[in-house]
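Sequences listed follow chains A and B, in order. In terms of the working numbering, the first sequence has 33 at position 33, counting the first letter as 1, and numbering is strictly consecutive. Converting from the second sequence to the working numbering requires adding 113 to each position, the first position being numbered 1.
Calculated directly from the structure, the hints in this document are not laboratory data. Fair warning: this is a prediction, and the values are worked out from it, not measured in the lab. Check the hints yourself; a few may be wrong.
Straight-line distance between alpha carbons at most 25 Å, and here's what the computed PhoX-like set of lysine-lysine pairs gives [said to hold, decoys possible]:
1) 184/B with 167/B
2) 167/B with 41/A
3) 40/A with 169/B
4) 167/B with 40/A
5) 22/A with 169/B
6) 169/B with 181/B
7) 41/A with 118/B
8) 41/A with 213/B
One side only, chain A facing chain B, incomplete, derived with CB under 8 Å [stated by the list, open to error]:
9) 19
10) 45
11) 46
12) 83
13) 87
14) 102
15) 104
16) 105
Virtual Cβ for every residue (Gly too), placed ideally from N, Cα, C.
Take a look at the letters that make up each chain.
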Amino acid sequence: ETGVTQTPRHLVMGMTNKKSLKCEQHLGHNAMYWYKQSAKKPLELMFVYSLEERVENNSVPSRFSPECPNSSHLFLHLHTLQPEDSALYLCASSQAGQNYGYTFGSGTRLTVV
Amino acid sequence: DQQVKQNSPSLSVQEGRISILNCDYTNSMFDYFLWYKKYPAEGPTFLISISSIKDKNEDGRFTVFLNKSAKHLSLHIVPSQPGDSAVYFCAASALFGNEKLTFGTGTRLTIIP
Numbered sequence: 001e002t003g004v005t006q007t008p009r010h011l012v013m014g015m016t017n018k019k020s021l022k023c024e025q026h027l028g029h030n031a032m033y034w035y036k037q038s039a040k041k042p043l044e045l046m047f048v049y050s051l052e053e054r055v056e057n058n059s060v061p062s063r064f065s066p067e068c069p070n071s072s073h074l075f076l077h078l079h080t081l082q083p084e085d086s087a088l089y090l091c092a093s094s095q096a097g098q099n100y101g102y103t104f105g106s107g108t109r110l111t112v113v
Numbered sequence: 114d115q116q117v118k119q120n121s122p123s124l125s126v127q128e129g130r131i132s133i134l135n136c137d138y139t140n141s142m143f144d145y146f147l148w149y150k151k152y153p154a155e156g157p158t159f160l161i162s163i164s165s166i167k168d169k170n171e172d173g174r175f176t177v178f179l180n181k182s183a184k185h186l187s188l189h190i191v192p193s194q195p196g197d198s199a200v201y202f203c204a205a206s207a208l209f210g211n212e213k214l215t216f217g218t219g220t221r222l223t224i225i226p
């Protein structure tokens, strides 16, 4: 496996369910990110982890809970979501100080019913 | 407050002609700018970048121009090819490097054969 891998690719969940999104990077990067992409909106930064420490939480509701157990793995735990949380959730990684931008995963398309 | 703006949600260009995608920003602290390309069902991929110390950067068919006084950048693709059909995101960073990118809403480019 190379690059940034996200699972699952698609997820449909009810508002009372609990689920988790997984991201794994094989690039040796030291920072990982969760972004949300909704229709006709910019990519919204949700969480930033640098060296496994959360360095940013952009006023994200508590029904989204990130976890970064090591520099290669990032999770987004979901519970009691709302239909407006339906979106494409993108994970990215980077190496701080290198100007190559982020490497993104393919995303998880989440639908809340 | 949207700090990175792409005012054209879509653009259609004949194959072989030049495609010009525009991006404006409001934060004068931004000093590094990137363009990402996104195909359906895939994550964004890095295309080209420019530092604020330059006003032009070229990579094959892709050239990015930066006008700092106008807080405006543009991506030129010439000649345009059918494989260039995708959504293009402009992104900006306030630090030299790739920490915390702020994205625009994207422009959907369609190349007409």
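Evaluated hints:
1. 184/B with 167/B: 13 Å, holds
2. 167/B with 41/A: 29 Å, violated
3. 40/A with 169/B: 29 Å, violated
4. 167/B with 40/A: Roughly 30 Å separates the two Cα atoms, so the pair is violated.
5. 22/A with 169/B: At roughly 38 Å apart (the allowed maximum being 25 Å), residue 169/B and residue 22/A break the hint.
6. 169/B with 181/B: It holds: about 11 Å lies between the C-alpha atoms, which stays within 25 Å.
7. 41/A with 118/B: 10 Å, holds
8. 41/A with 213/B: Given pair residue 41/A, residue 213/B holds - Cα atoms ~17 Å apart, limit 25 Å.
9. 19: Status violated, d = 20 Å.
10. 45: 7 Å, holds
11. 46: Violated, because the Cβ-Cβ distance from residue 46/A to chain B comes to roughly 12 Å (cut-off 8 Å).
12. 83: 21 Å, violated
13. 87: 14 Å, violated
14. 102: 6 Å, holds
15. 104: Hint holds; residue 104/A Cβ to chain B Cβ min 3 Å, cut 8 Å.
16. 105: 5 Å, holds
Going down the numbered hints, you'll see the structure goes against 2, 3, 4, 5, 9, 11, 12, 13, while the others check out.
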